[in-house]
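Here the protein sequences come in this chain order: A and X. Just so we're aligned, residue 1 is where the first sequence starts under our numbering, counting upward by one. Just so we're aligned, residue 1 is where the second sequence starts under our numbering, counting upward by one.
Simulated from the structure, these hints should not be mistaken for lab results. The model shown is predicted, which means the values in this text are computed figures rather than measured ones. Treat each hint with caution, since some may be false.
Copies of one chain are not kept apart here, so a pair can be met inside one copy or by any two copies together.
What the hints assert, rightly or not - Straight-line Cα separation of at most 20 angstroms, SDA-like style, residue types lysine to any residue; simulated pairs: (1) Lys240 - Glu17; (2) Lys240 - Ala34; (3) Lys240 - Pro224; (4) Lys240 - Trp225; (5) Lys240 - Ala98; (6) Lys240 - Glu175; (7) Lys240 - Ala33; (8) Lys240 - Glu229; (9) Lys240 - Glu227; (10) Lys240 - His220; (11) Lys240 - Gly219; (12) Lys240 - Pro80; (13) Lys240 - Leu202.
Protein chains: 2
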Amino acid sequence: MHFTSEERHEDGVLSREFTLGEIPGILWTPRSAAPTPLVLMAHNNGLPMAQPRLRARARHTAAAGYAVATIDAAGCGDRPRTAAEEQARADLRRAMGAGEPVDEIFESLVGSMVERAVPEWRTTLDALLTLPEIDGPVGYSGWTALGIRLAVADPRIRAAGFFAGGYVPRAQREEARQVTVPLLLLLQWDDEGNPRQRALDLFDAFGSEEKTLHANMGGHVGTPWFEVEDGGRFYDRHLK
Amino acid sequence: MHFTSEERHEDGVLSREFTLGEIPGILWTPRSAAPTPLVLMAHNNGLPMAQPRLRARARHTAAAGYAVATIDAAGCGDRPRTAAEEQARADLRRAMGAGEPVDEIFESLVGSMVERAVPEWRTTLDALLTLPEIDGPVGYSGWTALGIRLAVADPRIRAAGFFAGGYVPRAQREEARQVTVPLLLLLQWDDEGNPRQRALDLFDAFGSEEKTLHANMGGHVGTPWFEVEDGGRFYDRHLK
């Protein structure tokens, strides 16, 4: 893990870009003498880690006493896509333009991205946990399909905050029953591209004894900021 | 409004029992020099205001800087029931024992209780707002059917936290579209007596631009304590 740049913000948070082999990432850490728990913040599908809203959430969470890390996994951000992923994205644009069903295209595209992202996130987690400034349980935040896979595969994940606004492949919908960590699912009630009933079915399917659904009015990008604060308290309950 | 007893608690909260004509109530106020906003805390249907969990919630909310008031409205707690209400309760016990449908019985029982409770809550609100220790916007917490009626009838109610675990008569389900204040609906995902889909439909129906649903695992009485704290932050956003 090589740090390639660093910036100290006025709230005391230090943000550092890093590379780990081919994987580019960002680590935010609070001004803290003691090691802190870690939250992995994964953005949905194709969004780059540089997205301002993700950075703002990460800063806020770090200022509250967490190390926060994100990466552009394979196929995300500027990372090269496979020929099949490029084809699926082209098919998706065409199908959306024509008003045709898109589920099967998402199934193959998101399925492929999850498969390729999981080992990179685990490698990143291994490296992060060797840093002296990080210790304690690990939380996950963001991209649901990836998070389900990670939470099932990696017992180091102890609490998960998921955003329901993204396609979840059938394999991960099945796996949801095996997720048993405390979880918080965020739903935008009128998310244009993501049928509400699927999110409710997914919430029902999770195997966790403690699971909470927060639904708010509005479309895909309308999640109110107070949910970032609610999310912070969710992590405080389980990681501190 | 006559105060009949008072008790100062270790958290500084003063709780006072009062009567207002035939209406018995309790008012909790924080140790505060300035007047505070008010939260009306209504318990579902037949539960008495003396219920320990309601008292604990009221104390917690008052300690956070609110005046909190509850009453036993007509037909609630020890208050006399009408002959029709007594009959409906007997019918309910019989139907539940026999595994028969209960919706129509609830329709008449809860409908009657809401009709009788609304004027008493408004009278109580009038009296509370004359007290020097109370000023500012009014919030509502608890019994959904009553709260819908009050929020539609009384513009002084500025934010509403509802608990989905109670029968909502058809008239109030219709009226939900006219509720426009910010609201937080609490749902127990596996509430034995209250079908989940009805609560989701009700959430969908509310006319409020800002509405949030919090769903948690478990049955009717399993709401986790952290929801009291989340509720507090909801009132802080809208009443302070």
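Results of checking the hints against the structure:
1. Lys240 - Glu17: Neither: 25 angstroms inside a chain and 40 angstroms across chains, both beyond 20 angstroms.
2. Lys240 - Ala34: Classified as within: same-chain Cα gap 12 angstroms, cross-chain 35 angstroms, threshold 20 angstroms.
3. Lys240 - Pro224: Only across copies: lysine 240 and proline 224 sit 18 angstroms apart there, 25 angstroms inside one copy, limit 20 angstroms.
4. Lys240 - Trp225: So lysine 240 and tryptophan 225 pass the 20 angstroms test across copies only (18 angstroms; inside, 22 angstroms).
5. Lys240 - Ala98: This pair counts as neither: shortest intra-copy Cα distance 49 angstroms, inter-copy 49 angstroms.
6. Lys240 - Glu175: So lysine 240 and glutamate 175 fail the 20 angstroms test inside a copy (27 angstroms) and across (43 angstroms) alike.
7. Lys240 - Ala33: Within. Shortest intra-copy distance 15 angstroms satisfies the 20 angstroms Cα cut-off; inter-copy 35 angstroms does not.
8. Lys240 - Glu229: Result: close both inside a copy and across copies, 15 angstroms intra and 18 angstroms inter.
9. Lys240 - Glu227: both (19 angstroms within a copy, 19 angstroms between copies)
10. Lys240 - His220: Classified as neither: same-chain Cα gap 30 angstroms, cross-chain 29 angstroms, threshold 20 angstroms.
11. Lys240 - Gly219: neither (32 angstroms within a copy, 28 angstroms between copies)
12. Lys240 - Pro80: neither (37 angstroms within a copy, 50 angstroms between copies)
13. Lys240 - Leu202: neither (27 angstroms within a copy, 36 angstroms between copies)
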